[in-house]
Every structure is written in C-alpha cells, then in structure tokens.
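Asks: Chain by chain, the residues:
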Amino acid sequence: MLLIDATIPTLLALGYNINFSKLNKWFKALRSVGVTRIRKPSEPAVALETLHGLDGVLSGDYAAIFRRLRRLEPLEVAFGDSKGQATALAISWLEEGGSGVIATLTGIGSFPALERLRVFLHLSGWSPLPESSQSFAQIREIYESLSGQKLPLFEPVLGRGLFVGESGVHVDGWLKDPSLYEPFPPNLVGAKRALAIGRHSGQGALRLKCWELGFKYPQEKLADLLALARQKATELERSLTDSEFATLAQEGLGGLG
Amino acid sequence: MRPRIKLVDATLRDGEQAPGLAFSTKTRVFLGALLSRAGIYQLEVGCPVMGPAEIESIKAIKQSTGSTRVSAWNRVRIDDVLASLKSGVDVAHLCAPIRESHLVKKLGQSWATLSQELKACLDLVRGAGLLASVGLEDVSRASSDELVRAADLLDSLNVKLVRLSDTVGVLTPSRTKSLVSYFKGRGFTVEFHGHNDLGLAYANSLIAALSGAELLDVTVAGVGERAGNCSLAKLIALGASWLDFDVSLESALELEAETEALFNRRAYILDLLNAKTAVETFLKNDARSV
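As given, the protein sequences belong to chains A and B, one line each in that order. Read in order, the letters of the first sequence correspond to residues 1 to 257 in the numbering used here. Read in order, the letters of the second sequence correspond to residues 1 to 290 in the numbering used here.
Bound conformation, chain B alone (with noise of 0.2 Å):
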C-alpha cells in the first residue's frame, strides 16, 4: 500500500527567515488561506515570542485558514510557549537542540536543564489544551548515544510526535533511512524537516516517507536559509511514483506560480553582497564582545 502524507508548511516560519524575505500580515493571510485552500495538513506560521505584532499576525491567518491545524516554533522557553498560547493555535512545536555542542555552545545549558525545560514547557502546552510536537534539531549530526538519550526523555514525557529536522541539509539516503526506522522503532509518530544544502532535501524526504515518517515538511517554492527547503510542488512531482498526498500536483504548481512574485529577492541579495561586508573581520575579533 502507497504510503498516505500529510504535509506541514513552513513557509511562513522557516521560509520567510530566509534572508531578504518579510511579509506583512495582509501576505501572511493571504498565503495562509491559500495554503489551506489547497489541502496542506498544518501551517507552522511563526514565533509568537517575537512579539505583540506577531502575535497578532498569527491570530489573523488562523482565522483564515478554516480546519487546517496551526503551529508555532518555540524554543524550549517558557516564554516562548507563553506566547504561544497567547496566539491562538493548535499545536505547539518546540524546538530541541539534542547536540551536546548545540547545548554548550548556543545555550550554555546541561542535558537535565534542557529536560526539565522541556518537561515544563510541555506540561503548559498540554495544561492549555494544545497539542504538542518536539523537533530535534540538527539531528543529523548527533551520534548515538544523544540519539538515544533524546529518544528516552520524549518516551518519558509522553511526546508522541517527533521531527527530525536535518538543520543543516547534511544527511544522505542512508543515514535518514536509518534515523526514521529507530525513532519509528521507539514507536513515535514521525515527521521530517529536510534542507537542501547538498541538494538531498528531496531524496531524503522520499526515504523518510518510505521509511515510516508519516509528516513531511515544504515550503512554497522551497524557500528557506541557504539552499532551501523541499519546494511543495516539487516533492509532489518527484514523490508521486511511490506516495500519496492530500494536496493535488495541479493546485501545488498553480499556487507556487501565483505566489512567485512574493518570492523574488534576487535585487535584494545582489545588493547585499555587492555591498562592503565585514562580517568574517568581525566574526574573527570582535565577536566575543556582543
């Protein structure tokens, strides 16, 4: 039997972080109901902990956006799930650096501060009656032993739905085969998040898909940080032989040409790195100080 996905759009969270790109809320409802319109089965819509405006940018595309369900990024922060459920949506997706370096490095935080974190966040989302998703962030690079340790502490707290987010798009066929079976394995509900650094977001996707992951993850035109993510009318087309969607090829195409205008930072970019950067200079001395 063909395998049945549901897809999550991240266009107007991971997608419009891409650099160049901002959209009003008269855009993002726009997008929202088109999105819905067309059949995707969630919409991660932004980060409510961004602010006021953005909380209200994300009651006004839920509004518009019928049964489809709704989800917000959050880092694992009690601020961030506070804002959140100010917010107005369904799920709450919160994001898990699994990597010790991540923990160290970007957090200065131990494994059981991140648990104990994660375990508070998660008792709010589900007091408020919202559902839960936990991604594990750059799961690409995380060896075993935090594999394995991440999985224990989400069967411990009762997590259901997992993402497995490749952060920086450096998985290949094997590896995702592999990470999909094991969390499929522990018994989770898996969805997949992949990037196109090495041009495998596609590929990767249809192994996870094949491979159990029941959520796959796009953005319209596969907009995203550096190279990308899946683009949803592509991964309809290449996954068509062997998986099947909710939202047809034709609407896909025809919403991804009449959003294209909306996409365009080709000036934009050009201008920037034309400009006199100095980043790597101050990445080299001076960073420490901010």
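Pulled out of the complex, with its shape left as it was, chain A reads as follows (with noise of 0.2 Å):
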C-alpha cells in the first residue's frame, strides 16, 4: 500500500523557512514507520498527473465513485481538505482497495494528515507497526524543528497530552485493562500515560496517585480525600497539582505527624 509523504514541499510553498539540516532525520523517521515514498525539496506536493481534490464526495456515495475511480488506475491521489473530509476520504479510499495516497504531518497544506492513516493502516491490521515505538515522537520532534510551530497538546496521535487520564472510569479502566478506554497503547506512538487528579476523579485514580508519590494512604479515609480533592479542584477550576494533592493527603492525616 503506497502512503507518500508531500510535507517538506508543501511547508515550503507555504512559506516555511525550512530546517535543511534535520532532512536526513526526517527522512528516517517517516521510513521507521513504514511509509514508502518522501517528496524531497525539490519535488512538487502534487505532480501533474495526480488525482486532485474530490474534497466533497463523502457525502455522495462515495464507494461507487471511488471504485469507478480506480479503474482509471491513478498512481496517486491527494484528496483535497476543504471540507474538513481530507483523512476520511483518504480512509476510504484505502477500504476501497485504492493506493497512492498522498499526505502531509497533521495534514497541513490542506492534505490528509499521515500520521493518522499510518495509525489507521495499524488499527485496521493491514500494516501493523512495531508494539513500542519512539518513531512517532521523533516524527514530531523535527516536524516542530522543521517548521518552528509547536503542535497542539492534544493533537490526533501525535499530541503529547493525549494519555493523560483522570476521569474516574478511564482511570478504572487502566486499572483493569488499558484497552478499554484508548484507541492504541502510548507505547505504538512513543507517548506516556500521566495521572491528573480533579473534579471527576475516582477512589482508583487516588490511590494509584499516592503510590506515585510514594506514600500510602489508609483504605477507609480515601472517601474522605476524594471529597476534599474534589471540592479543592472545584474552587481553583483546575485539576490539583501532584503539590497541591499531597497536601490535602496530609491534612486528611491530620498533619505532617
């Protein structure tokens, strides 16, 4: 299945002030992952005889066209963004036995977004990557260098915040199998999980956060602290700092001792 990466030439008819230097990296990293063709610099985005846009067909019966569509065999499509469709059409069209999709990270320029076909390809079981994988977070290292822009914290994939739990059923489901409440494991995209405490934290997330910072709380006060952590996080509209939660961990000891 051919996945072509366009982003460095489409950074660069944005405007980018591009990184040469991290190429090599980049180039890399992208292949780390499995992805079969990289546009280089000097490379059009969209050659001439690439199938371009369709940016609206999803609402049409999509499948039909698309299988009249390959028949014209295309060696490559780039499906357009404008209605916010791109990587769903991308999708799609690889459900429909179609290839030569052309991609840019996060979909910038307006593409469908690489990283999230490759997870898809993953998840679908037509490509699987390798269990545990920093390539995912390299990628996004030198995307952020290339392009000077951080991306957002909690971006499809590549976001850094993405396993970040607190509710007290996702935090349950961590206890009892991870799977339950995420799409892949951190590992597949060399993130981390991270516990914050709050509003809608339960028992589970509690005890798990005191064993994080090293001290055991007793089993019949947890009711107690999870009240206090609760209304805490309720009169600063934010969950608690780990600082913030030992405190009240403490007060609900009665002190320091």
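Since the hints were derived computationally from the structure, they do not count as laboratory data. Predicted, not measured: the structure shown is a model, and the values here were computed from it. Check before you lean on any hint, since a few could be wrong.
As the list claims (entries may be wrong) - Distance ranges between label pairs, derived from CB positions: (1) E43/A / T25/B: 29 to 37 Å; (2) L107/B / E237/A: 30 to 38 Å; (3) A137/A / S101/B: 25 to 33 Å; (4) Q109/B / E43/A: 27 to 35 Å; (5) A137/A / Q109/B: 34 to 42 Å; (6) G254/A / Q109/B: 49 to 57 Å; (7) P130/A / P52/B: 47 to 55 Å; (8) S178/B / G254/A: 42 to 50 Å.
The beta-carbon is built from N, C-alpha and C at its ideal position, and this holds for glycine as well.
Hints given; two lone chains; assemble the complex.
Replies: This is the structure we're talking about:
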C-alpha cells in the first residue's frame, strides 16, 4: 500500500523557512514507520498527473465513485480538505482497495494527515507498527523543528497530552485493562500515560496517585480524601498539581505527623 | 430534503472530564445558559451520582437553561438513576457497555445481569416520568453478534432513542454508515457521539447524519478526553453544506470565542507531563493490588 509523504514541499510552498539540516532525520523517521515514498524539497507536493481534490464526495455514494476512479488506475491521489474530510476520504479510498495516497503531517496544506492514516493502517491490521516505538515522537519533534511550530497538546496521534487521564471511569479502565478506553497503547506512538487528580477522579485514581508520590493512604479515609480533592479542584477551577494533592492528603491524615 | 439535526452538547459532562478542567457551579450555569440561548436541543450536564454537590450544581444549571432539554449521564446502576431523579433533569441517559470484554473486564458482569439491571433502571426512569436514552458504549469495536444482541435487548425494553458512542474514536465513515443504517433499520432514533482520536469525528458525524442519525453530540471547542469530541462551531461550519442546524454558525463561533479562556489547560498539562510519572510502572507491577 503506497503512502506518499509531501510534507516538506508543502511547508516550502506555504512559505516556511525549513531547517534543511534535519531532512535526513525526517526521511529516516518516516521510513521507520513504513512511509513508502517521501517527497524531496525539489519535488512538487502534487504531480500534474495526480488525481487531486474530491473534497466533498463523502456526502454522496463515495464507494461507487471510488470504484469507478480505481478503474482509471491513478498512480497518486491527493484528497483535498476544504470540507475537513481529507483523512476520512483517504481512509475510505484505502478501504475500497485504493493506494497511492498523498499525505502531510497533521494534514498541513489541506491534505490527509499522514500520521492518522498510518495508525489507521495499523489498527485495521493491514500494516502493523512495532508495539513500542519512539518514531512518532521523533517525527513530531523533527516536524516542530522544521516548521518552527509546536503541535497542539491534544493533536490526534501526535499530541503530548493524549494519554493524560483523570476521570474515574477511565482510570478504572487503566487499572483493569487499558485497551478499554484507549484506541491504541501510548507506546505505539512514543507517548506515556500521566495521571491528573481533579473533580472527576475516583478512588482508584487517588490510590494510584498516592503510590506515585510515594506514600500509602488508609483505605477507610479515601472517600474523605476524594471529597476534599473534588472540592479543592472545583474551587480552583482546574485539576490539582501533585503538590496540592500531597498537601490535601497530609491534611487528611491530620498533618505531617 | 436536507436533514435537520438536533445538537446534544456534552461540554458539562464529557467535555469537563478532560484532564485539567474543573468548573464551579457558577461557570457551569454560565455555560449552560449560553448554550441554551444559542439554540442547543439538549444539554448533557453531569453525573449526579458524584454526590450531593453535583446534584445541586445540576439543579442550578437546569434553572438557567429554560426549555432546553437537560440530561444526566448514568451507568446502568440503580444508585446512578436514583441520583439523577433527585437532580431535576428531563432525560436520564444510561450508558451500557455492550462488548463482552467490557462486561467481563470492567464490570465482572454477565449480559443477563446487565439486561436485568437495564430493565430495572428504565422502569425507575419511566416511573418517575423522565425520558430515557440508552448509549451503546464502544459500539465501534463491537462484533456483529454483540450489536444484534444489543438491538434485540433495546427493542424488547421499548427503548426508542439509542446513542452510538465511538468511545475511543476508531470508527471510519463506512463503518459509521453501516452502524447507523442498522439501528435505523431496526426502528430506533439514532444519536451519534464521535471522538476525534483519528481526526475522523467530523466526517463520521456527517456520515452518521446523512445515514439517518437525527442527533449529533458536540462540545464547546471540541473539548474532551484524549483528542476530544466534535467542536460545536466546527461541526456546524463543516456540515452546513449538507445539514440544517438549529444553532447558527455565527452564534456558535461567538460562543466559542467568548468561552475560550475557560478551556485553556495548557500550562497545567505541561506541568504534569514534565513531572516524573510512574503510571506505567504501577500498571505493570501493582495495578492488581488496587
């Protein structure tokens, strides 16, 4: 299945000042996650013969359209994102047996998002990724260095904050089987879990946080501590820092002792 | 004819569950009133079983939202429903895990037990004169047999409104279409709840609506766990070519601009990520003890 990266020519076309010293690392990191073709700075993002656009076809009988288009045997397809559907179109194209999808990291320049396509191919079982890899974290860092822009903390697949958990039901899921509330394990994309304590925490999360901070808390006092933590988070209108939580826990035990 | 879509805003439930966020009752009332004025069909505002403070907060939100329908989220548990009845909401939403792995690993429960408890919860909700909706949790990863089993159960319990929840955001447009079509074909009114883990929440919501879903779930600015949910304004902007909404794009954009600061959790999350975390070690070695 041909997946083509056009991030570098797209960044150049958009006027970014690329740090060319990072290019070799970029090529290597993309190859490590199975990207089959990577456009160089001197190449156009989209070649003249590329099938380009099709932004709105998802609202119609797109499967039938794709089947007909495949008979034309296009070498490359670049779905446009004016309707916010480029990645969805590319996935649907792949599901219908298509190939040769052009994508860019995060979908910059109105393309499908490369990293989301890659994880979709993994989840669908068509092209598994290694269970544990730092490749996506490296790709993010190189991209940020190339483009001079930090990605949002909750960017799909690449965001640093995607695996921060707080709500009782989801942290309970971590404790029983993390796959219950995660689409893929953080290791897959070089991320890590972190635990926030706040208004939606449950007792399991409190026990985990106490363990993380290196102290034990009596089981019979956890319900009181939970009430205190929720009250404090509501007053502050945000989740608690570790030191704020530790202070509450110490107060709950009647001081430092 | 263009489908007319009812929007269900879950900012004060699913949205606020995003790590880092916590709203006071004053802020929740403010947000609820803004969303109600913008024309949202239904507000899902919290989980009453969290305790008396949450129940009082939900009551206050309900008072500020006029004729907008207000719902509360519940597990399929009598305690949850009893708390919802105290909170003055119009709708009790019951979230039912339908995958065998959820039932076994999360709840240690059989399908027969879940079915009995769902019936008991529905009897309680209906007996109190509230509307009921049932959500199928993680419907995206359910097998065909699990879907048929769930539809049969809801049918037998006379449930009309079903929420299809893409709990971990792995649905694709083709799978969304087949899921919605199946439940529509079985005679249910369908609500779709997307998550944005693969960046597909908007496309999936559009496909769901074009396949017959009458209600779509959103949050302000798309706030939610992991990569979040569908943003109210972005869904309206992207769907306007094909769908009609009761909320105008102008109102949605204005609302998201006015409330932007409330959802800024960047500094908190960065601090947390920079701290030494031992969650992975714990999950590997000590989770069983918890």
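Asks: All the hints need checking, so say for each whether the structure fits it.
Replies: Against the structure, the hints come out as follows:
1. E43/A / T25/B: 29 to 37 Å: Since the Cβ atoms of E43/A and T25/B sit about 57 Å apart, the hinted range of 29 to 37 Å is violated.
2. L107/B / E237/A: 30 to 38 Å: holds, 32 Å
3. A137/A / S101/B: 25 to 33 Å: For A137/A and S101/B the Cβ distance comes to about 29 Å; the hint holds.
4. Q109/B / E43/A: 27 to 35 Å: 56 Å Cβ-Cβ, so the 27 to 35 Å window is violated.
5. A137/A / Q109/B: 34 to 42 Å: holds, 38 Å
6. G254/A / Q109/B: 49 to 57 Å: Given range 49 to 57 Å: violated, Cβ gap about 39 Å.
7. P130/A / P52/B: 47 to 55 Å: Holds: the Cβ-Cβ distance is about 49 Å, inside 47 to 55 Å.
8. S178/B / G254/A: 42 to 50 Å: violated, 58 Å
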